[in-house]
Structure formats: structure tokens, C-alpha cells
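*Asks:* Below, each chain spelled out in residue letters.
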Amino acid sequence: MKLTGPLERVLRAFLADLSARHYGYDLMKAAGLPSGTLYPMLARLHDQGLVTSEWESQPGDASGRPPRKYYQLTSEGIRIARIELARLPVTGRLASNGPARPAPGSAR
Amino acid sequence: MTAGRRAQRMAEHVIRRACRRLPADIGDERYREWTAELPAIVSDPHIRSGLLRSARALRYAAGSYRSARYLRRAAGISRRDVRQARPAGGVAGGWASSSRSHPPGRLRLPDGVVPAAAAALTWLMLIVLINACPPSGFWNYLYAAASIVPVALAATAIFIFVRSIRRQSRRPRP
Chain L
1 MKLTGPLERV LRAFLADLSA RHYGYDLMKA AGLPSGTLYP MLARLHDQGL
51 VTSEWESQPG DASGRPPRKY YQLTSEGIRI ARIELARLPV TGRLASNGPA
101 RPAPGSAR
Chain B
109 MTAGRRAQRM AEHVIRRACR RLPADIGDER YREWTAELPA IVSDPHIRSG
159 LLRSARALRY AAGSYRSARY LRRAAGISRR DVRQARPAGG VAGGWASSSR
209 SHPPGRLRLP DGVVPAAAAA LTWLMLIVLI NACPPSGFWN YLYAAASIVP
259 VALAATAIFI FVRSIRRQSR RPRP
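Protein sequence lines, in the order shown, are assigned to chains L and B. Be aware that the first sequence starts at 1, since it is given in the working numbering, and climbs by one per residue. Be aware that the second sequence starts at 109, since it is given in the working numbering, and climbs by one per residue.
The set of hints was computed from the structure by calculation and includes no laboratory data. Note that beta-carbon positions come from the ideal geometry of N, C-alpha and C, so glycine has one too. One or more hints might be untrue.
What the hints assert, rightly or not - Quick list of simulated restraints, FRET-style, between CB atoms:
#1 B:G184 - L:D17: 32 to 38 Å
#2 L:I78 - B:A111: 40 to 46 Å
#3 B:S186 - L:L15: 55 to 61 Å
#4 L:I83 - B:F267: 27 to 33 Å
#5 L:I83 - B:S277: 49 to 55 Å
#6 B:G158 - L:R87: 41 to 47 Å
#7 B:S277 - L:R44: 32 to 38 Å
#8 L:L15 - B:I273: 54 to 60 Å
Said to hold, decoys possible - Some residues of chain B that are not near chain L, with every Cβ distance over 10 Å (derived):
#9 R156
#10 G171
#11 R174
#12 Y178
#13 V236
#14 C241
#15 A253
Let's have the full structure, built from the sequences with the hints guiding it.
*Replies:* This is the structure in C-alpha cells:
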């Protein structure tokens, strides 16, 4: 896995709260990436077996919004993400401490 | 309809168009996934301005084109394959009617015939008009400007014809 800047930010967003399931917009905000970068990356991670996805069975609020698709790192994904991020030089780590604000409605 | 709702509808439309570039099964699932994010974007409490929320929703939708292109390439499918394989249903409904496919049982004219006929007709009308009102003074400019129309139509006819020939030569023979 080649660790690019955007991928690093996505992995950090996932690792920030391992128990949380993240939906697309949540990750976009946490990683500061546009949808056109995030979704191809998630698809790639999914194909590699590093991320798992599942549809929300029923929306948590009563707003009548459609069910979302949630993403979560697999155990293999967590292991590889930790290894890859640990390999980064200290300067890279400091530089990539981007926004990590969870979006409202993130499932825990 | 509120501005946010309008932006959401526009974004849904953009996503639908992006998903039409994908095979039906992948496109339908991605359409559901991507449009399900829109309510969260247009009602994001961290963005105060409604205009910014709408802009973000549209930007999000525009990104779906890039995502769709990646997913299509990852699946090893070309756009032409999608176009040929896609039935008129699901989020793809309307693809057939909005594209170049032709209703069955209706006479189809060869490509480029309509603009060619329009060019010839316009040219004839112009000749008749010039004979009736010989050009002089201001009319010179008017006739010169009007003569561009049949030339442009003829050029369009040639372009369409050549394009259809090229498409046919590229199409795999059975």
C-alpha cells in the first residue's frame, strides 16, 4: 500500500475512533478531502480488504433521511494502517495533523 | 421549496447523471449511497451559511463524476460497454431516451441528412430572395450574414456524417 497524503488523512480519521462507523461525509470532513478523492480511495481500501462497509439498517433520527453506508477498518486494516503511519517520518506526522472533527450523527 | 432542498435536488440530479456512467448494479448502489449523504451536507450545523451548504452539496455531487470514473475503470468497463448494456430502468432510467438510441418502428434518417436538407433549403430560399430583392446598400450586409447559415448547416451535416462513419468503423463486427 502506497501511503499518500490523502490516504494518510483517511487512515488517521479511521484510527481516531476505532469503535465508530464512519459515513462518507463524516470522513470527508475529518480528512478534509473532496468526495471525488475519498470514494475512490474507500473503494480501493475495500477491494484490498482493509475496510468493510455496511448499510445502516434504520436511520437513528426521525428525520426520514435515507439509510447511509458506513465504513469501518477491518482488523487487518487497523494493523496495516498503524504500521504505515508509524513508518512516517516525524515531520510528516506533524505536517499531516489535519482536521479530525467528527461530523454530527457519526455512529458509535 | 427551500434553497437547501433545491440544492439537494440539483445535487441528486448530478449524482444520477454520474451514476449512469456505471453498470446498473454498481450505479444503483452508489446512487443510494451518495444521495444519502446529501441531507447531512445541506443541514450541516457547522456551516452557518445556507449558501455555503448548498455549494458544498453541489461540490460533493460534482465529485461523484470522478468517483464514478474510478469505479468504472476499476471494474474494467468502458463507457460504451455501460451504454450498450444498461437497461432503461433504475437510476439509469431515461438513459435510452436521452441518448442516441432510436424508438423501434420509427423511420430513422441517415446521420447528417436533416442539417444537409436544411442547408439546401436555406440556400434555395436565399437565392430566391436575392433574385426578388437584388442586393444593394444595407441588403448586401444582410445577405452576407444570411449566407453563413447554409454554410454552417452544411458543415454540421458533414461533421455528423463523418462522425457516424467513424463510429460505425469502430464498432465491433458480429
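*Asks:* Confirm or reject each hint.
*Replies:* We went through each hint and held it up to the structure:
| no. | hint | verdict |
| --- | --- | --- |
| 1 | B:G184 - L:D17: 32 to 38 Å | 35 Å, holds |
| 2 | L:I78 - B:A111: 40 to 46 Å | 41 Å, holds |
| 3 | B:S186 - L:L15: 55 to 61 Å | 37 Å, violated |
| 4 | L:I83 - B:F267: 27 to 33 Å | 56 Å, violated |
| 5 | L:I83 - B:S277: 49 to 55 Å | 52 Å, holds |
| 6 | B:G158 - L:R87: 41 to 47 Å | 43 Å, holds |
| 7 | B:S277 - L:R44: 32 to 38 Å | 36 Å, holds |
| 8 | L:L15 - B:I273: 54 to 60 Å | 56 Å, holds |
| 9 | R156 | 14 Å, holds |
| 10 | G171 | 3 Å, violated |
| 11 | R174 | 3 Å, violated |
| 12 | Y178 | 4 Å, violated |
| 13 | V236 | 55 Å, holds |
| 14 | C241 | 58 Å, holds |
| 15 | A253 | 44 Å, holds |
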